[in-house]
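Residue numbers (full-length UniProt numbering), protein chains in the order written: chain A, 1 to 349; chain B, 1 to 271.
Among these hints, one or two may not hold up.
What the hints assert, rightly or not - Footprint (simulated), chain B over chain A, 3 or more residues, beta carbon under 8 Å:
1) 69 to 78
2) 105 to 111
What the hints assert, rightly or not - Taking beta-carbon pairs under 8 Å as the criterion, some of the chain B residues facing chain A (in silico):
3) 57
4) 61
5) 88
6) 92
7) 93
8) 94
9) 97
10) 98
11) 101
No wet-lab data here; the hints were simulated from the structure. From a predicted model like this one, the values you see are computed outputs, not experimental measurements. C-beta: ideal position from N, C-alpha, C; glycine also.
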Amino acid sequence: MILNHSHTDISRNEGCTLTGVLSVTCFLQDAVTVIHGPTGCTHHNASLLHASLAENDCFDIPLLVSSNVSEEEVIFGGEGALMQAIRSAESYNPSLICVVSTCIAETIGDDTAAVCRESRGVPVVHIPGSGFLGGGFSDGIQNALMSLMDLSSPDLHSTEEGVMIVGEKNLEYEAEENYAEVARLLSLLDIDSGLRFVRRMPAGDCSRISSARYAILRDPSLDPIGSALSSRFGTEIISGFPLGLEGSLRFLRQAGDMAGIDALPAIRDEEGMQDDLVATFSDLAGISVSINTSMADPGVLQVARTVMDSLGMVEEDPGIPLPLPFDPPVGTTGVRRMLQSWRRGISRA
Amino acid sequence: MRQIALYGKGGIGKSTTSANLSAAWAEKGLDLLQIGCDPKHDSTRMLMNGRVIPTVLDVIREKQKDISVSDIVFTGYRGVRCVEAGGPEPGIGCAGRGIIATFQLLEKLGALKGDLIVYDVLGDVVCGGFAMPMREGYAEEIYLVTSGELMSLYAANNIAKAIARLSANKRSSVRLGGVIGNGKNIVDEEDLVSEFAESIGSRMITFIPRSPTVQQAELNKKTVVEYAPESSQAEVYRRSADIILQNTTFHIPTPLSMDDLESLAYRYLKE
Ligand SMILES: Nc1ncnc2c1ncn2[C@@H]1O[C@H](COP(=O)(O)OP(=O)(O)OP(=O)(O)O)[C@@H](O)[C@H]1O
Ligand SMILES: [Mg+2]
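Just chain A, same shape as in the assembly (with noise of 0.2 Å):
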């Protein structure tokens, strides 16, 4: 029994399972997602994913198809109303069908996996999504992928040398330019990036997951996927995208060291890259600044600051407020957006 929660605690982590998983599966190019719950579950949740992508210059809504849990199915079970919502997205011939079980299912105790492991023409996933067991966004995020990596056969260990994108934040802002960020670093050691699991990634692709020789987690949070990747393939992980300056030649060295490649001429060119973008930003040293420590996650205040330290910038009350980014600003340009918006910051005050 999971008893936990503060009352008052909206953070986007804690949010809800459900939108956490269909983060994920919405992103797997033809594959249709199945809410067993309510209407209102799925109507929510498109909304939600339609605004948040609309704000990425997205506007397909993805395929969701609701299992319309009413009080009828609460009351006499609800795993014929799933089979007749798993009927109508076959009908929509997709590779894959994801079933995602809501807080309901789960109350009334329909078994959700059962009505997915019945042999069909097209296979079907179980992932749960109710978040009244205890869990939130993130572990929705992380139910989905370990769900789907159950798609991949464990046989095809380690051939493939791309390395795998694992746990791509879809909703958020920068997600290309994060994958473009981590794909430069890689090229600087003559390696490509693979599978991006899952970001617009073919439904089809997962049964290839167990082939990649390397992965690279999105954040540490994913490290238990992490875990499970390196335990069942064999897949070799770095568990973090490189965060700030010095994160990104450390992960330079990282990588090179899981491929086996002398890393230290790509380090070499990084830093020279580094010392460019703090000079260009120059014109920053020695300006009082203040950061609002209060909402900011601790990853995000630590690159600011060694930012702040390189370029000569003075954290004093009162300076003036810097904008800070909602997630830890990812490689060298992501440092570089920073200090754009720093810059455009200081120049409004």
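Mind docking chain B with the ligands on chain A? Use the hints.
Here is chain B with the ligands on its own, set in the frame of chain A:
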């Protein structure tokens, strides 16, 4: 209109007792409504001479719209109106929500009427739905049916807890009307049940002995009151019906701790 509910451990005799009490009250000319609140839907069978009536939830499921009183209320022995809530297949869905839906429909159709409404509720109050008959606006008098067996007293004590908790709510008027002893041929059973009733701040309002007539009547698909009207068992049910009808003392129970309950039962334990 009086509304009473019988609660007690599974298989203890709630349905047998309620059906016989309803039959006895109906013989006195009272307008009775008996509602079986149990997915097993076997509360009113003897009143319906063995006919298994469609349950409210079956009707809701099949008909959805335009449900009328005649779809769910059936007239049995001496005009007793019988309703079975019904429920999902065992092991699926949520029976408690089913009870809530049943009550909402009965209310909407204005079917909750008569001189006396008897709610026969499933053995264990496993979730909020089964406490529905005790909520505001429904049964205000609860009778606990128990034998002298420890587990039966234990179940009765648990329901006493639910009554105590619900009656703490100012708007709730639910009270314990008394304990109905239903015999299991245990030595000194009547005294044991009576002492239990007093120790939870109530009283044993009647004791119904175990009798083979009950099974004979059941095999003939009748209540004892209908099948063997002259029998001493029928007399017990009629007398019990009178006592309950005249009952005017209701209590908020004071449930026992498990230890106290066990030592009570232990004192009556005979080698
Ligand atoms: N006083 C009695 N003498 C003999 N048999 C009895 C007596 N009371 C009940 N029984 C028998 O006990 C069995 C169970 O009774 P009943 O179905 O009324 O219990 P219940 O409490 O309604 O059970 P459930 O919780 O399953 O609904 C029946 O077969 C009934 O005939
Ligand atoms: Mg019964």
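Here's how the hints hold up against the structure:
1. Taking a C-beta to C-beta cut-off of 8 Å, the region 69 to 78 of chain A contributes 8 residues in contact with chain B, enough for the three needed, and the coverage statement holds.
2. A count of 4 residues in the region 105 to 111 of chain A with a Cβ less than 8 Å from any Cβ of chain B is obtained; the coverage claim is therefore met, three being the minimum.
3. The criterion of a C-beta within 8 Å of any C-beta in chain A is met by residue 57(B), whose closest approach is roughly 6 Å, and the hint holds.
4. At a threshold of 8 Å, the smallest CB-CB gap from residue 61(B) to chain A is about 6 Å, leaving the interface hint in force.
5. For residue 88(B), the shortest C-beta to C-beta distance to chain A is roughly 4 Å, which falls under 8 Å, so the interface hint holds.
6. Interface restraint check: residue 92(B) against chain A, minimum CB-CB distance 4 Å, threshold 8 Å, status holds.
7. A distance limit of 8 Å between C-beta atoms decides the matter here; for residue 93(B) the minimum to chain A is near 4 Å, and the interface restraint holds.
8. Of the supplied interface hints, the one on residue 94(B) holds, with its beta-carbon coming within about 5 Å of a beta-carbon of chain A, less than 8 Å.
9. At about 5 Å, the closest approach between the beta carbon of residue 97(B) and any beta carbon in chain A falls short of 8 Å, and the interface hint on this residue holds.
10. Taken as an interface hint, residue 98(B) checks out: its beta carbon lies about 4 Å from the nearest beta carbon of chain A, inside 8 Å.
11. Hint status for residue 101(B) relative to chain A: holds, with the closest Cβ pair at about 6 Å, below 8 Å.
Consistency with the previously given hints is maintained throughout, with no hint failing.
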